[in-house]
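Novice: These two chains come separately, so use the hints to put the complex back together.
Line by line, the protein sequences give chains A and B.
Reading the first sequence from the start, the letters are residues 626 to 1227 in the working numbering.
Reading the second sequence from the start, the letters are residues 179 to 394 in the working numbering.
Derived by calculation from the structure, the hints in this document are not laboratory data.
Just so you know, not all the hints are guaranteed correct.
What the hints assert, rightly or not - Derived DEER-like restraints, expressed as beta-carbon distance ranges:
id, chain 1, residue 1, chain 2, residue 2, range
1, A, V819, B, E258, 52 to 58 Å
2, A, P648, B, F215, 30 to 36 Å
3, A, A716, B, L262, 31 to 37 Å
Claimed, not checked - Chain A residues, not near chain B, derived (Cβ > 12 Å throughout):
id, residue
4, I633
5, L644
6, I652
7, K683
8, T705
9, D714
10, K833
11, K894
12, R1056
Claimed, not checked - Cut-off 20 Å, straight-line C-alpha distance, at most; resulting in silico cross-link-like pairs (SDA-like, lysine to any residue):
id, chain 1, residue 1, chain 2, residue 2
13, A, K836, A, T1101
14, B, K250, A, Y795
15, B, K277, A, N922
Heads up, the beta-carbon is just placed ideally off N, CA and C, and yes, glycines get one too.
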Amino acid sequence: MSNNNGAIRIRMSLLIALLAFVPVLLIGRLYYVQIHDHDRYLKKARQTYTTKKQTSGKRGEIFDCHGNLLAGNAPCVHITADPSHFRNDAARTKMAYILAKHLPGTLEEYRYALRPVRQRRGKDGKLKFKADGTPDTYTARYAMLERNVSLENAEKIRKAVSVNKLPRLYLSEDYMRTYPKGSMLSNVLGYTNVVNDEDIPQGGLEKKFNKTMIAENGKEIFERTRGGTPLDYGLHQSQACKDGKNIYLTISEPIQAILEEALDEAYAKWTPKTIYAALVDPKTGNILAMAQRPTFNPNDRTTFRPEAARARIAEDMLEPGSIMKPFSIGKALDWKVVTPDTMIDCENGKWMYMGRPLTDSHAYDQLSVAQVIQKSSNIGTAKVALLLGKERVYEALRMFGFGTKTKLPFAIEMAGKVLPPQRWDGLTITRMPIGYSVQVTPLQMLRAYCALANNGLLPELRLIDRIVDPATGQETKFDIAQPVQMFERPDAHRQLVDMMTLVTQKGGTARKAAIPGYEVAGKTGTSRKYVAGHGYAAGKYFASFVGFVPARDPAFVMLVTVDEPKGASYGGTVAGPTFTKVGAQVLKLMNIPPDLTLLNRE
Amino acid sequence: MLSMPNIQPGKGKKSRISSPQTARPGNRIGTKIAIVFKAAFFIAVFAGIINSYIFLNQKIVETDRKIAAGNKEIHQIDREIERLRIHRETFRSWRHISKMMGVFNLDLRMPQSGQICKLTVLSVEQAAMVPFAYTPPRQVTAQTVPVQTVRQQPVQTEVRPRTPQRTAVSSRPAVQPRRSTVNRVRRTREVRRPVRPPARRETAQTRNGYPLFDAR
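Same shape as in the complex, but just chain B (with noise of 0.2 Å):
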């Protein structure tokens, strides 16, 4: 069969169907190969797919691995904060704490009613409402951040040969700071003076309850 030519005008050209018999012989391979190329297209997108779900398969069970993992390591973090529970008790046991006060020699004695200062615990949010100067009464809470002492009057039952404090050698600085960074410092210490912490040996007890110790 002659094809026959199209003397239709170039506007209803677009409009004609085109068929395999109609199709010009490169129409023809356009066609196969874009039939091809769907199919690829659909296979690809099945095999990602695919892939996309072995891959996420994959990462629950590694992710699942690495829960169970993480799990085990925390449980044997427990137990080892379990063991570490148990050992801090033991070393509190006033039987250890007086057998070590022997080992360091540590010449340690009750402190008299009157030298007892007692910390006030606080919980930071607690502490961060006290006002600078402010006393508050006893109040011992779970939290632990002690802010403030209140110091009893001390009685007089008997005179102690006071011991000597300890004071840092003073030496002239090699370079001498100026001047006013001196007074900044020292303004700075006497704002922060009255909230020192006491010194640990004029508590009466550990935080526990423990009893701070005879001369013996």
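For reference, chain A alone in the conformation it holds in the complex (with noise of 0.2 Å):
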């Protein structure tokens, strides 16, 4: 009995141990999870339920003066797909006929894209093959169907899946570079293409800017639920995004779409190889508006050229012919070696000088130098250039900026060229104050007109007005230059403008260029074109029209060059009614009233 009560004993004390140790067991195993192993086992629970999220900011956007946009960003939505999810051939069909509906692409282009089994390629690009010849095929899970899709049609695109219950589409969102004016300012735009989903920009303020408008992506780490849902009491850690900064230009957008029109106008009149033209505020130094033709729509690249996407106004270098004529004059009238009526003998219009002769478009016998300006005379300009000497000429030319970069924002723009004295020809010294033997570019002559306009004080060029980080509102503003003076004599300047206005008068070159009831002071110029290895191009001109209106406080400084006009050569005939079309809408635009006495007198 003892005995028996002994074994039960033990038994007992047994299973009691045995059932001590389970729960011994248990704390050991719950030890070693919950507090020897928690890092581990809670770093691999947070992987399942951590997301790691990128934001990415917008691209700062570029605006005209008033706020206009110019370049912005429209939001757009990617479409993928998983082909493996229409092996039913119906189903594919039935979804390749709804995006062909709504999107660019065809029925077939769809079809083929949503196909799950394809062939595998080798790094080469050619098909691959197994051993036995068949094609090495894989289940495809990945399809990229249609970037930049509009939010109307995307929206479309899913209700339709839905309605049909079709294996659902991908939608990720992303923003789209925009240009909402199209070929307006698109020289000086620029455009952006995306490669591997970012904005490259391929130039113009685009490429100069790109550092400053690039957006810089955000950063969101969560713990989250099921449904994808951010936990309260979770991780929560985020880098905000953050959005580029803004460009402000000193672009007008109403006066640039005015000079767009006239130069549609000119390009279809003329038919020309190129035509430009900018606006400039010459008290500032703002550049107001600056087009050209030919043109593309940043939008639609079927419209892209080589020629057209080049900013020609800052790239392209001319021999300007006679608008380069008010600077010798002008100096030589400063450094009182001439005066407005001082007689220059134009040789009836045919000049021999050292066995090169040189012509005027008409043959004058006398001409005062205010003459010479109105009336256009090489001869004239040549024999002032003369009195000056050549040491003077290059410094004149030199002083109103000629040679030297404008330092505008253009991912390309020359200097120019104007050789120093030690290298002219006996013949420089007559050609160059004509606007032969030197090289300017368009932005060159603008602003040295802006000289001529604002009292003999060149202003630098502007044409970024501000840079506004959106963010912070915070404002970089590109302060005005001093403006150096020009002239010596206040004078001097004046008697320049006194017979720069008579071009537009009566018995000057470029009555076209006048506007009814204001003071037009300008200049034409016509100038052969020099090809490179055939000398001046028989029947090519550049012809141009620089002035400035209201003459005496002028609103503005106008350029038209326009490279070989089809018709007519001369720059008053040309490059003047172009003139007088956007000068006279500018004014109304700026609401500057016409001169009564002007307006009866005419």
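Specialist: Put into structure tokens, the structure is as follows:
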């Protein structure tokens, strides 16, 4: 009996020990999981329910001086799909039909993009085959169907897919660089291409200010529920994305629109190789408008042509012709070498100098210096330059900024070519003041004319007014540089402006550039085109007009240059009417009233 | 054991300590029920707390979901606003406007400079501060409530045939209003006339600086 009791006691003890051991084991395991290996398991668990999300900011936008948008970001959607869900041919066709209905691709293209089984390609791009000669295939899990789909179309597609109960598409949000004003200012703005989901600037301000406008991506790490909702009490780290900075130009969109419309008309009328024009506020140097033809629409890549993409106004160098004359004559007046009434013998239109002829478009015998400007006499200007001497002619041209870059933010800007007197031949002194043997950019010419319009003060040109951080509103202002006085005697400047107003009056070369009710000071230019290796080409001209209005207190300086116009060649005939058309509208826009005495006289 | 009769006076009865031994059988059951009730009460409170905790947690999760959905909706609306802004800018481009002028055959032209009326744009607060007959100097602010006009004297540059003004065809009302009502209406009209905004065609430019148009 006692033996039995002992055995039972032992068994009971063993059972109790065993029962006690299991909790100890569990407690041990619990300790191991919860305390010893806590971090490892926590990390592992967090990996499962922690999400990393990359947020992308918007690229900086470009505005005109009034805040009108010139380059912005349109929200769009990229559509992708998992082709393995489209094994059913009917579903694939149906989906392709829906896509083709709302997107630019065709039904066949989308059907092909959605094919679930594909053949592998090698690194060389060639299709791969198995050893037995059958195609080496795989099941595709990703297909990019369309990029940059508008929100409306994406919504229509989403609804159609839902109604037809088709396998779902993946719509990922993004922004697309867009230019709401189309081709307006496109040569200056440039454009961007998308490479690996990033905007890569291809020219213009987009490229020059890429670092300023580029957005900083953000990062968000958070613990989430199964549905993807962030957990309130979980980990939540976020680094906010930062939008790029916005750029405000000195360009005024209304004036730009007026200029572009006028250029379109002139381009259609004269069918030139190129035509470009710009308006500048002479007091501040602000570029108000700047346009060229041919141009392109950055939203439509089919309009892209290499010759249209360049900003010719900064990149092209040309021999400007007679629009150069006021500078040497102006300085001759300033240095008291001549007066407006000094008579110059214009040799009846043909003058032999150093064995080479110099001609005028019309034969003149004796002209005063004022008439030399009014009639645009080459011989008269050359003779004034001879009176000045080559050192002073060179000094005069350099003073007005020829041969120096304007430092405007163009990807490429030419400095022009003004040879120093040491490299001149005997003829250069008679050619340079009339705009030959010298190369300038249209921007340099505009800057120089700003000095004539602004009481002799030469301003620095400005295209960027300010840069604004959209997050903080912080502005970085581009200051207006202190202008430099070009004339020692204010009288000389006044006399020169008086002479230039004669150009658009009766007897002048640019009657067609006159604006009723306003006094226009300007100068025409018709220069023959130099073709490398062939000399001056017959029948190829640059026809230009530069002027400012109202002459006594100018609101703007405008340059119009037409490269190889057909049907006429004179600057006054070809470029003058464009100046008038644009000038009249801009003056009305600026609300500058006409001079009643001038109106009555006319 | 026989129970002893309680010989103590009624006053002392209450001060006696009751025990299962001393309590009557009815009292013992009452105590047990009290214990059960107490336990049940504590369990109920505990369950209530747990329930409330679960209920609140559920509410938090639901609210979180709603917030997430709301945020998503806000995000979508933001994107939609962005899209509309781009559309608006496209429609405001001169190319589009001139095209539409052609489509609707609008014979518009640029005004002479003397015909221009400038809108003075003031905020609501600024507008409230402007005395009735006072014409403020030209001032353009970001806010947009046109309240006053400044008309310049027109420069007589050319004589144009006056466009016949459209007037409402006057017809005698079926029921003649009472005299006092008519007077009141007239008075109101007289008062309101000076601050009537100018016709749209008289402005030289739109608020964002677009030009108004040349005849073509």
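Novice: If any of the earlier hints don't hold here, list their numbers in rising order.
Specialist: 1 and 7
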